[in-house]
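Listed below, chain by chain, are the residues.
Number of protein chains: 2
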Amino acid sequence: MELKKPYYAVIFTSLRTEGDLGYAKMAEEMETLAQKQPGFIGMESARDGLGITVSYWESLEAIADWKANMDHRQAQKNGIKTWYSWYKVRICKVEREYEFNT
Amino acid sequence: MELKKPYYAVIFTSLRTEGDLGYAKMAEEMETLAQKQPGFIGMESARDGLGITVSYWESLEAIADWKANMDHRQAQKNGIKTWYSWYKVRICKVEREYEFNT
Numbered sequence: 001m002e003l004k005k006p007y008y009a010v011i012f013t014s015l016r017t018e019g020d021l022g023y024a025k026m027a028e029e030m031e032t033l034a035q036k037q038p039g040f041i042g043m044e045s046a047r048d049g050l051g052i053t054v055s056y057w058e059s060l061e062a063i064a065d066w067k068a069n070m071d072h073r074q075a076q077k078n079g080i081k082t083w084y085s086w087y088k089v090r091i092c093k094v095e096r097e098y099e100f101n102t
Numbered sequence: 001m002e003l004k005k006p007y008y009a010v011i012f013t014s015l016r017t018e019g020d021l022g023y024a025k026m027a028e029e030m031e032t033l034a035q036k037q038p039g040f041i042g043m044e045s046a047r048d049g050l051g052i053t054v055s056y057w058e059s060l061e062a063i064a065d066w067k068a069n070m071d072h073r074q075a076q077k078n079g080i081k082t083w084y085s086w087y088k089v090r091i092c093k094v095e096r097e098y099e100f101n102t
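Heads up: the sequence lines are chains A and B, in that order. For the first sequence, counting from 1, position 20 maps to 20 in full-length UniProt numbering; every step adds exactly one. For the second sequence, counting from 1, position 28 maps to 28 in full-length UniProt numbering; every step adds exactly one.
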């Protein structure tokens, strides 16, 4: 279905290091924090070995603001130092969508 | 990082029904099949309750061709009938990306 108003998705794909090392707490805090950001629409996560988190945003500006958020910046630094052995971030424009419900 | 050549992502988010019912076999077959499609770039999957599969494609035409693939159409039908209680498909244009490696 064509969207009336395009929105944006940030696909964050990652591989974790061994052990929790404060990761679960940070992940929860970052989700709570993201929800308070202007332009936040929603977030979906799954991990089994590979982790995929997709967050949805109203604009590229909202994504840039979230990237620049001070607490989030600290989490990004620790992410590189401690929690992830690899990650990739893709910023995407959602152009079409459709849904199925039983 | 700005992309030299934009590409496309299909974000497939889903909730499974109970039991395997041939799901694992189909999922493997569909991944093998997708890899043979023209314009296929890659695929990433994770599930813990919520399932997220992201496939990457060179063009919207490649995505349309994959959706129309006969074997894939059969899997889509069975997906609605048997394997999923809910799913959502988002077709996105990847506009920027960056990566971290230890």
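Hints listed in this document are in silico derivations from the structure and should not be mistaken for laboratory results. Wrong hints could be hidden among the right ones.
No distinction is drawn between identical chains; accordingly, a pair holds when it is met within one copy or between any pair of copies.
[Said to hold, decoys possible] 25 angstroms max Cα-Cα, derived SDA-like pairs, lysine to any residue: (1) K5 - A27; (2) K93 - L3; (3) K67 - W83; (4) K88 - E2; (5) K67 - E2; (6) K77 - F100; (7) K5 - E28; (8) K4 - K88; (9) K5 - R16; (10) K4 - R96; (11) K77 - N101; (12) K67 - M30; (13) K25 - N101; (14) K67 - F100; (15) K77 - T32; (16) K4 - S14.
The hints, checked one at a time:
1. For the homomeric pair K5 and A27, neither the shortest alpha-carbon distance inside one copy (29 angstroms) nor that between copies (32 angstroms) is at most 25 angstroms.
2. Taking the shortest alpha-carbon separations for K93 and L3, both the intra-copy value of 11 angstroms and the inter-copy value of 13 angstroms come in at or below 25 angstroms.
3. In this assembly of identical chains, the alpha carbons of K67 and W83 lie at most 25 angstroms apart only when taken from the same copy (18 angstroms versus 37 angstroms across copies).
4. Taking the closest pair of Cα atoms, K88 and E2 come within 25 angstroms of each other only across two copies (14 angstroms); inside a single copy the shortest separation is 28 angstroms, beyond that limit.
5. For a Cα distance limit of 25 angstroms, the shortest separation of K67 from E2 across copies, 16 angstroms, qualifies, whereas the shortest one inside one copy, 28 angstroms, does not.
6. Taking the shortest Cα distances, K77 and F100 sit within 25 angstroms of each other only across copies (11 angstroms), while inside one copy they are farther apart (38 angstroms).
7. In this assembly of identical chains, K5 and E28 lie within 25 angstroms of each other by CA distance neither inside one copy nor across copies; the values are 29 angstroms within and 35 angstroms between.
8. Only between protomers do K4 and K88 lie at most 25 angstroms apart by alpha-carbon distance; the minimum there is 17 angstroms, versus 29 angstroms within a single protomer.
9. Taking identical chains as interchangeable, the C-alpha atoms of K5 and R16 are never at most 25 angstroms apart, the minima being 35 angstroms within one chain and 29 angstroms between chains.
10. In this assembly of identical chains, the alpha carbons of K4 and R96 lie at most 25 angstroms apart whether taken from the same copy (9 angstroms) or from different copies (23 angstroms).
11. In this homomeric assembly, K77 and N101 come within 25 angstroms of each other (Cα to Cα) only across copies, at 13 angstroms, whereas the closest approach inside a single copy is 39 angstroms.
12. For a Cα distance limit of 25 angstroms, the shortest separation of K67 from M30 inside one copy, 11 angstroms, qualifies, whereas the shortest one across copies, 35 angstroms, does not.
13. Taking identical chains as interchangeable, the C-alpha atoms of K25 and N101 lie at most 25 angstroms apart only when they sit on different chains, with a minimum of 23 angstroms there against 32 angstroms within one chain.
14. In this assembly of identical chains, K67 and F100 lie within 25 angstroms of each other by CA distance solely across copies; the values are 15 angstroms between and 32 angstroms within a copy.
15. Taking identical chains as interchangeable, the C-alpha atoms of K77 and T32 lie at most 25 angstroms apart only when both belong to the same chain, with a minimum of 18 angstroms there against 37 angstroms between chains.
16. Only between protomers do K4 and S14 lie at most 25 angstroms apart by alpha-carbon distance; the minimum there is 23 angstroms, versus 31 angstroms within a single protomer.
When each numbered hint is compared with the structure, violations occur for hints 1, 7, 9.
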